[in-house]
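Trainee: Residue-level listing of the chains:
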Amino acid sequence: MRLELGFIPIHDVQFADTSRVEDGVLYVNAEDIKALVLKDEHISSVEVELARPGESVRITPVKDVVEPRVKVDGPGGMFPGTVSRVKTVGQGRTHVLKGAAVVTTGKIVGFQEGIIDMSGAGAQYTPFSKTQNVVLILRPQDGLSAHEHEVAVRLAGLKAAMYLGELARELVPETIETYETLPLLEGLKQHGDLPRVGYVQMLQSQGLLHDTYVYGVDAKKILPTILYPTEVMDGAIISGNCVSACDKNPTYVHQNNPIVHELYARHGKDFNFCAMIITNENVYLADKVRSSDWTAKLCEFLGLEGVIVSEEGFGNPDTDLMMNSRKISEKGIKAVLLTDEYAGRDGSSQSLADAHVSADAVVSAGNANQVITLPGMDRVIGSEAYVGIIAGGWDKNKMEDGTIMVEIQAITGATSEVGFGYLSAR
Amino acid sequence: MQKIRIVHYINQFFAQIGGEEMAHVPPQWREGPVGPGLALAAAFGQTAEIVGTVICGDSYFNEHTSEALPEILDMIKAAGADLLIAGPAFNAGRYGVACGTVAKAAQDELGIKAITGMYVENPGADMFAQDVYIISTRNSAAGMRDAVKKLAPLAQKLVSGEPIGASSEEGYLPRGIRVNLFEKDRGAKRAVEMLVRKLRGQDFTTEYPMPDFDRVAPQPAVKNISRAKVALVTSGGIVPFGNPDRIESSNASRYGRYDLENIMDLTEGKWATAHGGYDPSYANRDADRVLPVDVMREMEIEGKIGSLFRYTYSTVGNGTAVKSSKAFADEFVKELIKENVQAVILTST
Amino acid sequence: MVKEIERAGIPVVHICTVTPISLTVGANRIVPAVAIPHPLGNPALTMAEEKALRRKIILTALKALSTDITEQTVFDVE
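Protein chains in written order, with the working numbering: chain A, 84 to 509; chain B, 11 to 359; chain C, 41 to 118.
No lab work stands behind these hints, which were simulated from the structure alone.
Nothing here was measured: the structure is a model prediction, and the numbers come from that model.
Positions of the beta carbon are idealized from the N, C-alpha and C atoms, including for glycine.
Please note that the accuracy of each hint is not assured.
[Unchecked claim] Computed, partial: chain C to chain A, Cβ under 8 Å:
no. : residue
1   : 72
2   : 106
3   : 110
4   : 117
[Unchecked claim] For lysine-lysine, the following PhoX-like pairs were computed, each having C-alpha atoms within a straight-line distance of at most 25 Å:
no. : chain 1 : residue 1 : chain 2 : residue 2
5   : B       : 314       : C       : 91
6   : B       : 194       : A       : 352
7   : A       : 213       : B       : 194
8   : A       : 380       : A       : 414
9   : B       : 194       : C       : 91
[Said to hold, decoys possible] Away from chain C, derived, C-beta distances all over 12 Å, residues of chain B:
no. : residue
10  : 36
11  : 56
12  : 191
13  : 233
14  : 347
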């Protein structure tokens, strides 16, 4: 499967009467987006605001971040099975408004939503302080359950990103990157002398509000399966979760999965990147056992010699990670694990809930319990009313001078377990 | 700025008094730098001065610690030191233990900063890495230049009170305290590099070594559970509705103690969960699904247990530091013992 | 918490869903629960069935507390 990504760099975002892209500026007609979002009867109102890098702006509580993309060639459309009709994606050409993002906020959906600061001490911890953000402030209809609320907000973000992505359809990309994964046997022929590696992505699937969707299927209902890595670039996997903001994968991060990209960067040179395996992190022990069994079985079946395993979230998924590590290693396959840590505010506590001796090659995305003081901002998009109750916050953590103390756990993308960021710990 | 006053501690070998045959020499004082102190003094430049050097034989120190240590501390104190540098000891075992002991005592008893350097396998490293900053060195004195290069800047930060970076940045041995840092490459790139090295059989360093978990021997069985007073404890975050103690949804800093007297059943609207790590709707509808008060009352009535202890302890086990939950338990277990509780049922989500 | 209680001299049984974590962490008497959001319940059942299930788990826990063990033991609910 071969996919071309055509990048159209965006370095500014502005409101305008007509939505369009000109000279790297994304012009947004807010009324168009509002009309689009309000088609969903579960949404009672929506505001659109813009947030640019360096501004004194805080966005919170952040639910999801989505990158505007459009499929210009090849089967299917963006977010297949969720917004576009279900169809296997990952080939042809996709255009990307690189540097732009849609961020959803509004009334909090679950405990665990995030903060994006566009400047100040918090900005370096979130990748979305560097994107030109079109922010949707969404209010649900009264009486909506948390689960219906989550669906409505999730779809609003995806649709707005598709609307903006559509602006890139006819544009000429500044750069084009090509990514290709061959069917297993053909790949072996081409790269026969290189070690065979794979990527095992664990998807958050702990339950309602802690979910991920694959082609529209709730990931807790999947058995581990195989993807061509290019499929995720077309939105095959989307975030539906309100788990701690620091280490959940927003849809944007799925679209730009850094492990996929870093593996492609050395594919055909240092190894043969054969396939991506997705598995889940369910709350029943039997599911954990079954999914880790199947993950190891697929690694073996594909003849992999090495894999990278990334976790999403923390706590009981640490056990899924260790089960995967143990079972993959028992097949004689070398594994590197990517996780983050919860070592306490002083860093002296046990980092993971589980451990196994096979986990001898671990990349850490940092200690999520580290406390940070965020300065007051001139403008808050959304509301600071929740900063005391989101995961990583605590009661009365907002000081009189407007500063807020939180664990970096509360910052969107701070300890990305797919290694999107640079943070680590020793 | 005033120069930092350094006292340097070295053994008989580095003082060029002699080898093993001179390891019995007792502590002695020399003005100014001696031996490796010259390289150290050069590394500090104008910012610091080695005012003197304490020399002690390794055998003497280890065999007469109770006499040698106070004597050495007196010398350091008399010199008005701001900072003690011990060693580096490389892979010399007794020297390493001496350096660690002197450095820790200088910190604890004289209240000054201290730093040393050792090879990771030096027994002194294991003994003192959590108490004293130990620069990671090579296994022989051939690594002196490299050790000094890392030692001087970290020592300066210690004295000035500047924030200390992670062990991999500053070059000290991990202290069991996790410190965040920003790496040059993003995590995904580091993972791919680590995988390539692992596949090729090359050296790589895990960023998070697996911990050893301690074990506790099982208590003997409860003799007669039908007479026993049993307590319920949970990490599932069950609290009276409204969360009166404001237990955090994640990384809880406190726990609640709740009175169950006359409560037969945890009902919706009166009890709920504060836990932020799982879908709370099931527990909010019926908190007995996490904290089984209803069934425990039945057990009490049917005589399957003696009684249910009046209070329950509840916290949120979601990203909560192991150390915190240990501290919670250490505290409430005192009451359990005082109140003669004979068994505990702990539920987790 | 489980180890601190045991260390203080009170036998403790850990009812939890993810028994591997409990084993890693070092609980001695372990009873498997139903699922993380409802360890002692199952919303798919009627209230009466659910309570019967909860009773079974608790009875297993009481049995675990009444059993002498020499090593970490998972007591399956029958």
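Trainee: Evaluate the condition: distance from the CB of residue 36 (chain B) to the nearest CB of chain C exceeds 12 Å.
Mentor: holds (44 Å)
Trainee: Once the shortest beta carbon distance from residue 106 (chain C) to chain A is found, is it less than 8 Å?
Mentor: Result: violated, 24 Å to nearest chain A Cβ.
Trainee: Can the restraint linking residue 314 (chain B) and residue 91 (chain C) be considered satisfied, given a maximum Cα separation of 25 Å?
Mentor: holds (16 Å)
Trainee: A cut-off of 12 Å on Cβ-Cβ distance, and residue 233 (chain B) was said to be off the interface with chain C. Does that hold?
Mentor: violated (8 Å)
Trainee: Is residue 194 (chain B) within 25 Å of residue 91 (chain C), Cα to Cα?
Mentor: Violated: residue 194 (chain B) and residue 91 (chain C) sit about 55 Å apart, past 25 Å.
Trainee: For the hint on residue 110 (chain C), just tell me whether its beta-carbon gets within less than 8 Å of chain A.
Mentor: violated (23 Å)
Trainee: Would the least Cβ to Cβ distance between residue 191 (chain B) and chain C come out above 12 Å?
Mentor: Consistent with the label, residue 191 (chain B) stays out of reach of chain C, its closest Cβ about 27 Å off (over 12 Å).
Trainee: Going straight from one Cα to the other, do residue 194 (chain B) and residue 352 (chain A) come out at no more than 25 Å?
Mentor: The hint holds at about 22 Å.
Trainee: Let's test the interface hint: is any C-beta of chain A closer than 8 Å to that of residue 72 (chain C)?
Mentor: Result: holds, 7 Å to nearest chain A Cβ.
Trainee: Does residue 347 (chain B) clear chain C by more than 12 Å, comparing its Cβ with all Cβ atoms of that chain?
Mentor: The claim is violated: residue 347 (chain B) sits with its nearest Cβ about 6 Å from chain C, within 12 Å.
Trainee: Check the hint pairing residue 380 (chain A) with residue 414 (chain A) against an upper bound of 25 Å on the C-alpha distance.
Mentor: Holds. Residue 380 (chain A) to residue 414 (chain A) sits at ~8 Å (cutoff 25 Å).
Trainee: Checking the smallest CB distance to chain C, is residue 56 (chain B) really beyond 12 Å?
Mentor: holds (52 Å)
Violation of the numbered hints given earlier is confined to hints 2, 3, 4, 9, 13, 14; the remaining hints are satisfied by the structure.
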